[in-house]
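Protein chains in written order, with the working numbering: chain C, 30 to 443; chain W, 30 to 443.
By construction, these hints were calculated from the structure, which means they are not laboratory data. One or more hints might be untrue.
Since copy identity is lost for identical chains, a pair holds within one copy or between any two.
Claimed, not checked - Computed list of lysine to aspartate or glutamate pairs in EDC-like fashion (alpha-carbon distance at most 16 angstroms, straight line):
1) LYS363 - GLU152
2) LYS157 - ASP258
3) LYS291 - ASP257
4) LYS157 - ASP257
5) LYS35 - ASP149
There are 2 protein chains.
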Amino acid sequence: MSTLIKANYLIETSYDLEQAASIMAGEQSCGTFLRTPGETDELRENHAARVISIEPRGQVESPSLPGARLKEGRGIQRALVTLAWPLSNVGMNLPSLVSTVAGNLFELAPFSGLKLLDIDLPEEFAVKYPGPKFGIAGTRTLNGVFHRPIIGTIIKPSVGLSPSQTADQSRLLIEAGLDFIKDDELQGDAPHCPFEKRVNEVMRVINKHADRTGKKVMYAFNLSGDLDDMLRRHDYLVSQGATCLMVNLNSVGISAIHHLSKHAEIPIHGHRNGWGMLSRSPSLGMEFPAYQKIWRLVGVDHMHTNGIRNKFCEDDQSVIRSIRSCLDPFLGLKSPMPVLSSGQWAGQTVDTYRAVKSVDLMYLCGGGIVGHPSGIEAGVKSVIQAWEAAMLDRTLEEYAGAHPELKAALDFFN
Amino acid sequence: MSTLIKANYLIETSYDLEQAASIMAGEQSCGTFLRTPGETDELRENHAARVISIEPRGQVESPSLPGARLKEGRGIQRALVTLAWPLSNVGMNLPSLVSTVAGNLFELAPFSGLKLLDIDLPEEFAVKYPGPKFGIAGTRTLNGVFHRPIIGTIIKPSVGLSPSQTADQSRLLIEAGLDFIKDDELQGDAPHCPFEKRVNEVMRVINKHADRTGKKVMYAFNLSGDLDDMLRRHDYLVSQGATCLMVNLNSVGISAIHHLSKHAEIPIHGHRNGWGMLSRSPSLGMEFPAYQKIWRLVGVDHMHTNGIRNKFCEDDQSVIRSIRSCLDPFLGLKSPMPVLSSGQWAGQTVDTYRAVKSVDLMYLCGGGIVGHPSGIEAGVKSVIQAWEAAMLDRTLEEYAGAHPELKAALDFFN
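Hey, can you work out the whole structure from these sequences and the hints?
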């Protein structure tokens, strides 16, 4: 069993690649700009980060980011670099891990680009950070949906509805057959829609429907806020029979959500708003596989990934890689359920299934369900039919022959 | 008194600027891609974000970020945009505020660049978030240093020293006259240097020196970690007479540090490692004035800003703006003390003072003090003398005439 922390980066530099990688390793372990008297050979032997591999990835014309120190007369190269640290540099400490693999190094002057791609950890890290309590299987059990994606939607408008308006909209969505509903990430605990009142009114609708039909719709209530408020809101959710909480990952942060996850009795739906800041530059920040592993260690049960042909600026290749990275094994921890959303409707199911080979997904549609020409119920049916087609390896057009809701969706949205 | 939340952005888009700004405002308040039935005129009137101003800032040749939807045949424009939200959209909730001003909008397809520059808030926000408990005045009182910057250094090597080696190095630094010492951000609670043992050994040195001389050196111990661990470590620090804690802002996160700050009896030294991910692209992320305000609301007493002519890739103009933004008033909250570091020595004091017109700074030097040719004590003296020169409006060369330590520093480091 390895006791090394590893991290892969894409770098861009006009320095010699070996030297550049050594500077990264030095800055993020025992080094400094000058070798200090205390930095003995023994200390370096025990604690220096090591450069495991360097793979050149070609030249670029001009520096991607400003502020880099350029070596005159040398080209600017890109390369993949893997570094490794002894676990004992960090100990069992998730914030220290993140500061080690994603700390000061983005500001190092020799680099005109530096992006963290992925991380790998010793299995013992999972003893302190056991990851999601529910994951895919736990979510399916609570939601009662098996063998196909969980079909969901988001309460819209994002901000402005009262608790009773939210409950009214939930009732329509539940009666139309949706499995899952979530708050918008901007809906928190504002005066016009206080958290506890919203939970009250919505859960009355959900519980009543469950009593009548046996189907308990999962609603992800956004409890993001100060720590004590979040813990209190969690307890209130549990007391009202709610089966999911939602939290804004980036604006709440690692240590508070980790604390919440230890306390949580229901799945944590992780919303990644703000992720664009970290990810959208090809030369800076972090890619989703690294991000997902950090939040899996924190204990997040559902991770937003976007869907293919989405309305945001993320391309399909990146979306597919994100979904797969959630489903891939990591330290024996449960997989977070990938949450596909943004511009989704029946039309993307076949291509999504072909690419990810799994239905262990939450598939959230806004207009793609509520905008169906025959109504919301037909919208839900069209999406379920489209997933059936995908799983049966049929084309949507073919399957639509005997499935009028799917046919209507294809006619309307295509 | 305004009840509006305001935020300024630099945007880059090939859309009509009015339309682009409206898309931002819609996405971050009640809008969605399609207008939904619940989005009534009354709801829009009460909750829609408004575009306050748009100032064109010229054209660019090609999109700064990939993935943007480009309008064919139109140029790509840059502009400054100010949006405003009713406070009631968010309520008194810092994570919700951050998700509102810095959430999904970075991924919106119409934009090939989007950077949050600054924010402004209604004063009532400070009732729930009263900010730093200590700030500049409280830090000075605890440290006993007035009328000049607090002179400090960082324990190096970053990782690998044992508690007793850390204490030995601290002893040398304290006897040399330093006011302030901090852990490296990579030093946390690793097996070779457990937090409590380190505190024990270092505080014995600090307390003994204080008993003998009356000067209590401030040491910022990095307690970053899981929430319960951080609270326990804080209490241990207080029990041992420590006067400062350090935390890694980005890898611990807003809600946990806010919780810690409510509990804290000593100043919080905020380390911004990872900040490069958010800031280094000129077309993406966040600028320091916005970032600083968020962490001031959280309650952070010291904020890292870099110093001028630093070894990282940040230019002097940006450094100076960061320092000033810490010192500027904001909602009546105490100012966090700006922490200048990276490649600092006597040489930057005059230019720094001319630019920021304040000595309410922590001035951290590594090699610039411990590498002084006449030793660490001379290194400290050289930096204090250089600040005297700055405050007296003298040049360093002139002042060095009667100050041999400064003269030696100029001869050696220039």
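Results of checking the hints against the structure:
no.: 1; hint: LYS363 - GLU152; result: within (13 angstroms within a copy, 44 angstroms between copies)
no.: 2; hint: LYS157 - ASP258; result: between (25 angstroms within a copy, 12 angstroms between copies)
no.: 3; hint: LYS291 - ASP257; result: both (14 angstroms within a copy, 11 angstroms between copies)
no.: 4; hint: LYS157 - ASP257; result: between (23 angstroms within a copy, 13 angstroms between copies)
no.: 5; hint: LYS35 - ASP149; result: within (5 angstroms within a copy, 41 angstroms between copies)
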